[in-house]
Structures are given as structure tokens and as C-alpha cells.
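Visitor: Sequence lines, in order, name chains C and F.
Residue numbers 3 to 314, in the working numbering, belong to the letters of the first sequence in order.
Residue numbers -5 to 341, in the working numbering, belong to the letters of the second sequence in order.
It is worth saying that the hints were derived from the structure and are not from the lab.
A couple of the hints might just be wrong.
With a cut-off of at most 30 Å between alpha-carbon atoms, the simulated DSSO-like pairs for lysine-lysine come out as follows [as the list claims (entries may be wrong)]:
#1 K293(C) to K308(C)
#2 K34(C) to K213(F)
#3 K293(C) to K112(F)
#4 K187(F) to K213(F)
#5 K83(F) to K293(C)
#6 K280(F) to K325(F)
#7 K169(C) to K293(C)
#8 K83(F) to K72(F)
#9 K130(C) to K280(F)
#10 K213(F) to K325(F)
#11 K340(F) to K187(F)
#12 K34(C) to K340(F)
#13 K187(F) to K334(F)
#14 K83(F) to K187(F)
#15 K34(C) to K169(C)
Some chain F residues flagged as far from chain C (calculated, every beta-carbon gap over 10 Å) [stated by the list, open to error]:
#16 F169
#17 I174
#18 F252
#19 W255
#20 V294
#21 L321
#22 R332
Positions of the beta carbon are idealized from the N, C-alpha and C atoms, including for glycine.
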Amino acid sequence: MIPPIAVAKAVAYADSLALMAAGITLIYMCTKTFNFAHASFVTWGFYIAFTLTSLYGGSPYYYLPVAFIFVGLLGVAVYVLVIGPLMRRGASPTTLMMSTLGVDLVLLSFIQMFTDYLTRVFKLYARKIVLEVYDFDVFGLPGVTFISLVVVVFIISALHIFLVRTKFGTAMRATIENPNLASVLGINPDVVYLTSWFLGGGLAGLAGAIASITITGDPTVGSRIVVSMFASSIVGGLYSIYGSVLGGLLIGLTEYLGIMVLAIQLGGWVAVYRPVIPLIALATTLLVYPKGLGGINWSRITVRFKSLVGGS
Amino acid sequence: MELIPPVILYILVDFSIYLIVTLSLNLEVGYAGLPQFGRVLAVLTGALVAGAIPGRLLALMYGLPYGPEYAFYEYNYKVVDTLNTILEKNPLLSVTIFIFTLVLAMVLGAVIGYLTSKPAIRLREAYLGITLLAMGDVLMLITYYYTPIIGGTTGVSVVDPFRWTGGARFYVATFTLLGIALLTFLLIERLTKSPYGRVLRAMRDSELAITVYGRDIVKLRTYTLMVGAAIASLGGALYTFYTGSCIASTYTRVTWTFWPWAFMMLGGTGNNLGVMFGVLVFVIVKTLIVMYRGLLAPYVPFDPVWLEYTFVGMAIVLIAIFRPQGLIPEKPIFTIPRKKIEELIKA
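Take these sequences, add in the hints, and give me the full structure.
Guide: In C-alpha cells:
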């Protein structure tokens, strides 16, 4: 019923959503900021992949690290200039969220200006971007599916090793648990917060660059999918990076394949209502189980399952 | 004959509409401390009422198509044209339909506010903010693609209740809007100085304390969301009547949620007079940018239209960092000393 290529595309979309949600969650865990500028961060990643591929040629995949570093530095700038000063003054979560909305507007206007600049100076048509043509085929399926899966697995492993095995990662977790206690032990929370914004921004840039290979983009691509990003991290529970990755995969696949199934069943007209799906997921999670996927105690469930299996 | 230059009328209209919407936002954010990031939801509700209902009612009265086909563009402009010629000769009907629609918009706005309060009771801070924002986005999306209500992507024309004033239409419309906006200001000012307003501030500052004093937070929040949404819905309906057309894509979260937030933050969160001042300053600056950005065009390699976004975004960030209390900070309300009240009672 659903062609394999659609499943492959859904996986690529879900992977990029998982990376976006991981970034939002990391930033929220460390600095208690719902980062709305994530929308523009993702769009910047998108445009870096597009611009470099169009100007210097080659595959968009070469520029994934550039997107990571550039948008990571953008995140650092946002922390240093806006969030840091506000946090030191003890601003409320609502104020922090509102200020990231302001940042998002500024960054969005910069993307719009940059797009005009590309059009006028380099004669690139940058208001409708399709990078799919640069992708390669693996057994008739788009390569981005496999690359994005590898990237997600790599990022999760790297983050896990970073947070659990390294000294700085331990310091980071300590700061998330209790910033005051951590600073008594000689950890500088400022450095931890800065790192979280670098990594969070970097993940957004990476996700945007991956998304550019699978979806059609324009300067508002980030703000169009920002509700899906937040739905993913809330379904993931907002307190666990692994949960947010799961949430991203879940939302991405349901959104992409769910609307396809509905369109086949009910007719093509439903396709435009696609963003309703993440909203329903978001509302259901918040009302039924606000702890989200990350809040489920998996070890207890497996123990119970084992005892059930053993008992029978 | 031009009594007032068009730019002044333009500023007055923007000021009136945004004053109403921002005051309603201030009631919820500044007084009750609710993170209302979905203001557009209620504004859009008002616009939907004004776009869909008065025209249909009149069409029903005069035997014109009023079902889903009313919103289809092949019929819509013809029907609305016919109705406008009727309204032109009938001031009483115009005024009645105008007032009726505004009341209906407020009622339906309150209903939407009540519906949004359902999740609001359980959620805290930013979670609630995101839920409200997502709701606004989804209503915009649905009404933009679903044609039978307000024509979907083509939009609809709206009957013009000011047509009978002839050449003075824009003056009458502008000053009606301004009058209603100032009335709203007085109403909200009165409301926020009443015991209800003081309870809201107390709830914002300490929910625990207000619970101890026996107030029901759930009820207070629900009531505030309903009142706020009703007022914002009024703003949306007025805007639709003024522009004479209604299309869902006008109601984005940037123009009807973030801008009012910026206006409120500039003027002074929790201070109605400050909000009025903030709206005035912003509207004037925005108009100046619109007027003079053309001069900049030859010197920059991009469309200067984006500078408006940069300006509003920068304003939000700079105010949050350097002047969180706004230009006119919130002042405590002093009550009359007990002795004086006793004297007044005796006298």
C-alpha cells in the first residue's frame, strides 16, 4: 500500500526531527529555556548546506560538519548575548522563552536578507530549495535515509559517551541535577550552559542540513516544522535526550506515514492538515502522561515482563 | 477633500486594533501571569465570526446563497456586492448587524478561551505556552485550507457596515474603532483595579498564598482566559470589518502573538497605560519603517521589508535584557486606609 520509497523518506524526516528534538531537550535540561530560535537554527543549517553545495559543488553531505559548527557557534552567540545575561538576573522561564522568540525573529529576518542576497549577487534561486538531486541511490532508495540513520546512531553514542564517560560530561549532568551544589564543587555552570547551547545549536544545524536533502525548503521551513520539533521533545519527556530522540522518530514516522495512510483512505485533501498530527500527539502526552517517553521506567517494565514470562 | 492625511488614519487604525489585542494579552500575561503564546487563536476566532456570519445572515434575509457556497469566490464577491448596496441604503440594519457581530465575536471568543483553559489548568509555564501556540497555528492552518467557512486560500469579502456613510467611510470606521479601543481601555483599567484584578496580581505573585486565602486558582485562570479571549476576538472582528476581507493567512503567530507581546513588553507588562503607550510608539515606528524603507532599497542587497522583523525581534530581546519592566513600570495600587473608609461610612 505504502511504497518503500515513502517509508525511506519518512525515516529520513524522522531522523532529522529526532536530532532537532535532542537539541531542544539538551538546551531545556541545562538552561530551562524552551528555545524557539531552534526554528531559525534549523533553517540556517538548511541554507548552509544549500549555499555551499551550490557555490562549491560536491555532495551536500560534505557540509554537514560545517552546518554543525556554524549553527553551534550561533547558539553560543545567543547564549552569550541573550540567555546568559537573563539567567544571571534570574529571569522567569516565560521571559526566557519570549526572548528566544525575539531571537528567532531576528535570525529569520537575517535568513530572508541572506536569501535575497544569494538571489541578487550569485543569481541562485533560493526561495524553493530541492537538494534531493544531489543524493545517491542505495538499492533504489534515497541515500539520505541510511546516512541520517548512521548520523543519529553516531550522535546518540557520542553524546552517551560524552555525558557518562568523560569528566566534563559528569560535571554537566551534575549541573543539570543541581547547579548550586555543582558550583560548590568547583564546576563553572556558565561553561556547562555554553556547551549545551553549542551542542544544541549544532544538532539543529546538522538536522537542518540533513532535512535539506529530503524536504523542499524556503526561508520559513524551520518555523513551519517548529511545532513538530516541540511535539517531539515533549513526547520524549523533556528530561531525557534518549527520550527526545525516540519522540522525534515516533512523531516523524506518524506524521509522514500517518497522513499518507489517511490520504489513501480518505482522499488527497487531508494532506494539507498534516501539522495537526503532532499537535494531537503533543496534547495527548501533556494531558495523559506528561513525563513522556523519557519518564517511563524501562528497567522496571523489563523486570516485570521477565517475571511475567518466568511465572507462566 | 482630505481632513486628515491617510497616514494618520492608518496609524490610528493599527493603534486601535493592537491596543485592544495587547490589552487582552496584558490581562492574561501581565496581571494573571499566564504564558499566553497563542493570542492569534482568539483574534482569528473574531475574524472568522466577522468573515462568516454577518454576510450569511443578510444573505439568508434577502434570499441569496448562504450555505458553503457563500464562501466560494465565484459567488462570494457577487453576494457581498449585492448586500453592500442594500446596506448602503439602510443605516439601521448596518449598525444592528455591526453590533450583533461584535457581541457574537466576544461570546465565541469566550467559548474558545474556555476551551483553551481545559489544558491550561493542568500545565505550567512554558508547557502551557507551547500548547497555546500550537493551537493557534492549527486553527489558522485549518481555516486556511477548509473552504466552506471563509473561503480557505482565496478568502472572502466581508459586508461593509460603514458603507452608508458614503465618502466619510474611512473616517467613520477609523473613529469607531478608536472609540471602541478607548472604551476597552477604560473597561480593562476598571477591571484590573477591581478586587478581581488585585486577586489576579496576587495569584501571579504567589499561587500558594492565594490558595491559602481560599481562592480557586482553576476558576480564576478559566475566567481570565475567557475574558482575555473575548476581548481579543473583538479586536479580530473589528479588524476584519475595517479591511472588508478575511483570509486566514493574515493571522500568523508573528503578527498577532509576537507583535502584541513586543508592544506589551515595551510599554510595561502589568500596566495598561504603559501598554497603550507601547502600542502607540511601536505603531508609529513601524509605519515610519514602512514609509521610508523604500529609500534604503538601492543601498542594501536585500528587500528592506525584512527590517521590520529585525526591529521587532531586537526590541523584544533588548527590552527583556535592559528594561524588563518596560517604559512605564507597573505601580502598586494603593487602597484607601481603613480609617478613611470608616469616616466615609459614617458620613
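Visitor: Please go over all the hints and tell whether each is borne out by the structure.
Guide: Results of checking the hints against the structure:
no.	hint	in the structure
1	K293(C) to K308(C)	24 Å, holds
2	K34(C) to K213(F)	28 Å, holds
3	K293(C) to K112(F)	19 Å, holds
4	K187(F) to K213(F)	19 Å, holds
5	K83(F) to K293(C)	61 Å, violated
6	K280(F) to K325(F)	28 Å, holds
7	K169(C) to K293(C)	28 Å, holds
8	K83(F) to K72(F)	18 Å, holds
9	K130(C) to K280(F)	29 Å, holds
10	K213(F) to K325(F)	26 Å, holds
11	K340(F) to K187(F)	25 Å, holds
12	K34(C) to K340(F)	55 Å, violated
13	K187(F) to K334(F)	19 Å, holds
14	K83(F) to K187(F)	43 Å, violated
15	K34(C) to K169(C)	23 Å, holds
16	F169	32 Å, holds
17	I174	28 Å, holds
18	F252	6 Å, violated
19	W255	6 Å, violated
20	V294	8 Å, violated
21	L321	17 Å, holds
22	R332	34 Å, holds
Comparing the model with each numbered hint stated earlier shows that hints 5, 12, 14, 18, 19, 20 do not hold.
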